[in-house]
Structures are given as structure tokens and as C-alpha cells.
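A.B. asks: For reference, the chains in residue letters:
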Amino acid sequence: MMLAAENLTLMRDGKPVVASISAALTPGTITAIVGPNGAGKSSLLLGLAGLLDPAAGSVMLDGQALAAFPPRTRAQAIGYLPQTPDIAWDVAVENLVALGRLPWRDRGTAAVEAALGALALEPLRHRPVSQLSGGERARVLLARVLAGEPRWILADEPLAALDLAHQLSLIAHFKACARVGRGGGQGAGQGVVVVLHDLAIAMNHADRVLVLKDGRLIADGLPETALAADVIAQGWSVAARWLGDAGERALVAGKV
Amino acid sequence: MNRASLIFAVLLAVLVPLSLLAGRVWIDPFDIAGSGIANAALILAELRLPRAVLAIIIGAGLGAAGAAMQGYLRNPLADPGLFGIAPMAALGAVASFWLGALIPPAWAAWSLPLMALIGAGTGMALLALIAGRTSSDAAGGAGGGIALFTLAGLMIASLAGALTALAITLAPNPFALSEIVMWLNGALTDRSWREVMLAAPLVAAGIAVLALAARSLDALTLGEDAARSMGLNPARLLALLVVGVGLTVGAGVAVAGIIGFVGLVVPHLVRPLTDRLPSSLIGPSALAGACLVLAADSIVRVLPLVTELRLGIALSLIGAPFFGWLLLRMRRGRL
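Protein chains in written order, with our numbering: chain G, 1 to 256; chain B, 1 to 335.
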């Protein structure tokens, strides 16, 4: 169950935003995509989700070009969580989560219940989304993705609007997805790819980090190496160093 | 059938008999033959029944189209008029006043509705053409597609409106002028089974097409990118919307002129009774639209005015203040 970018080049509005990136992603792990503003992180995620057609190269799912997949087959395999939690209608939590079944064209009651349970949303199931806090809303939107039982979860800055406690709780949910099989069942965990801004969270919680700058991959590997001080200097033009022990690192940064 | 459908189906079942009895002459339901009104049965069968059926057909089409448009544009202030199809149909109808002399007498009775349908079809073709261009931009990226498309619809609407105004100012004679202006303010006065036969299949087909789009509209609840990630095919959805709105609105304008605000107002009456997803709204909105147009048409019929109030004007008189109220509610964030 591999998802891989092969010499992937993506264009938006006629400009290249991702330039010949190759990376094979592993299911059952959390991959973080980081980089300065405008580095092409969100575009790369859209490309991996099959929502932005490659200008050159390809995205491969199980050895087949993702662009050749019928949209519904692709949607069953890859769940995508957009950055802006933009909900047009004030629907109840359980109805919103059930939208995750659209790729399957079934009610998928068991999967919806499992998703509500995994994110502790049962008490809120009848509440309209307009009456949720930011943290609750983020959990509901993730539950929508989980209800689709995708093999890959691609999330664009899911932590952006959350306070520290909610960030950690959402990270814990992503870890659970990677460790436990789909829908809380047995089998291989889901592949999780998240775009992150907070380098410390990437350092402490990701299994692998891709660092982007100007659409190019400048580092790829374990967090300790991909987020080494020299990479941060190259990517963000900031002198920084890590404090603390592995798993509890903190970043101290100053101007170059 | 969900709760909202049931409510509006019952309401419709109550309104239909009331509407048949109401009018300049009131018919006694228990004594149709001997009610002292000459030709009561004839009035029912040839005047009021087709008029009521037509009100139901047109209202259902406008209601369903409104629900679908609001779902597609993810905006509770959207109206089927935004696609510019109604103004295009009106332009076609106005053109028929001009081309009257060229049309063979055998076809004269059909020229107006047929020209209106040609206008609606031209509007749909223009939209499809523009959509082909904008979606090729959007295919490479996310967003922009729907907003661009809406602006294209507005452009078509303004162009059709300007050409209609031009046709009015250049009217060949004062009689034609007054006929055009009267016709543009939609009405169901003096409609017969002929109009029913024309509109019914088109509106039914249009509602069926919109129903096919229902689940895709649900997906759009979470935005265009999320919808595509759930397997939405934007080109298919757009095609369904253009055809569905084109058939329902185009057929309505062809037989009744422009009837505004139904598509805007009706989904708001229905939404609180449902789970608020677009797919739950299309069916009940069709029923509620039928109720609204039937009720409004019955009321304009019994108002003690020298000339019957035009249905299109009456609905706009109700609809415009309602729209203002919606805007106020929206400012308070309660929509």
C-alpha cells in the first residue's frame, strides 16, 4: 500500500509550485511536510491526494498512476482534510461525519459510529456544527475523513487553529490511526501525511519529515536529521537549535 | 419521504381544492352543478384546474432549482436566476413578439413558449461553453471554478436583460409594448391544458436531473477541495445543474413569464425542517414551491382589483422584503 511521488512537478496558475519531488511514503507511519510559507506544502499534499494533476512526473498508488484512478476509487483510498474548516450548512455532527461515506455510496453506519467513537464525539452527535468550539470542530472534520475508512489520511495544517491541548489530542488521534487499522479494526495502520507549521511537533511526533523550500525537497528523513539546525538555517534562514531529549525537543530560534 | 416533504404534501393537498373553488366567482363544492353559476363545471375543468396544475408544476420547478442552486453555490442567498437562464428565456419570448409576422399562423400559438425555450437553451449552451473554459483552468487547481461560473451567469443575465430592454424600447407599436411588459411580469391568467402539456414533461425531467445531483451537492458542504477528495466530479455536477435549472426555469418562463423569488425564498422555509443538507432539500422545496405559487396565484385571483395583480409582481412584493429580512438575519450570523 504505497503512496509515492515520482519526479512530481505541479503547476498552479501557470507557475511551478512543486518541482520534481520524489518520495515514497510508508503506511502505518506519520509523515510531516514542513517548510516556510509558500514552499509548496499544501500543493504537494493536493498532488498526493490526486486533486492537482501532475504537470510532470506522477503520483503512484500501489504502483498505478493516481491520475488514472476513477475519482471514487481514489476517494475510497485517500482521505483529504483541507486546511480551512469551511462548512456551508449548519448540519448536525453525525450528519457531517456521515458525509465521509460519500465515496462508498452507502450509509456505513458502523464506520460512522467508529469514527464518532474514536474522536469521542458521541455526546455531540446531534449538535449543529455552528455550536462547536474550534477543537470540537477539528475533531468532527477529522472524524468525517475517518468515516470514509481511507488507507491514507492527508491533512493540511490540521493543528493551525488549535490550542496546545487540542493540538496534542489531535496528534494522538493521528498516531492512533497510524498504529491501529482502519475503523479501529485489525490490520496495517493508515498512512498519515500532515502539513505542519510547528517544527517541534514534527520533531517530536512524526516518523518522517519532508522539508520543502521553493517547491523543492531540501531534506527527507527521520526528524532528527531532516530537521537538523543546518536544514532549518537553509530552509527558514533562521539560526536555531534544539534543546531537550529525543521526543521532548524544543526549538530555540534567533535571527541569522 | 422526510418530515418536510410530508408537511408540504399535506399543505398542497389542502391548497388544491381551495384554489379550485376560489376566484372571481366562488364555487360551492357541494353543489357544483346547481350552484347557480353558469358553467361551473366548465370553469373548473378548463380554467381553474389547468391553472392550478400549472402553478404546481412551475412552483415545483422553481423550488427544486432554488434548493439545488443554493447547494451548488454553498450560499443561502443564491437564486436560480443567477445562471441567467430566466432572462435568456424572457429574451426569447420577447423576440417572439418581434418575429410574430414571420411565424406561420398554424404555429403562432406555440411561438412564444418555443422561442422562450430556445432562449433558455441558448443560455444553457453559453453557460456550457463558458464552463468548458473556466473548468479547464480549474482542472489544474482548486477553487475559483464555481465563483467564476457564477459571474459568467450574471454576465449572461445582464446581457439578456439589456437586449430585452432594447427590444422593449424599439417595440414596433404601443400594443406590442404593453403586451411585452405585461408578459414579462409572469402570470398564470388564462392558461390552458396546452401550457400544462408543454411545461410538465420539461419540469419533471429537470427535477429528476437535479435529484441526480443531490449527493454531489452534499459533498460540496465541505468545500470544493474536500468534495473532490470524496470523488465529486465537478464537470458532471455542473452539467446536471445547468440542464436541471435550464429545464425547470426555462419551462416555467416559457409558459408563465418571469416569476421571481420563489427559488430564493422556498429553500429557507424548508431548511429548518430538514437536516439542512442540500439532498434533503430538493424534494421538499419542490413541494413547498408548488404550495407557494399555488397560494399566491389563488390570492391574486380573489383580490378585489379592477385588473388582476400579476403573479410575478405579487411574488416579488412578498419576496423582496423577505430577502431583506434574510440579509439582516445573516448579519446577525443566524443563517
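Be a bit skeptical, because a hint or two may be false.
Claimed, not checked - Short, incomplete list of chain G residues facing chain B, as computed with Cβ under 8 Å:
1) 71
2) 103
3) 236
These are computed hints drawn from the structure, not numbers from a lab. Don't be surprised by glycine CBs; every beta carbon is placed ideally from N, CA and C.
A.B. asks: All hints, please: hold or fail.
C.D. replies: Verification of the hints:
no.: 1; hint: 71; verdict: holds (4 Å)
no.: 2; hint: 103; verdict: holds (5 Å)
no.: 3; hint: 236; verdict: violated (26 Å)
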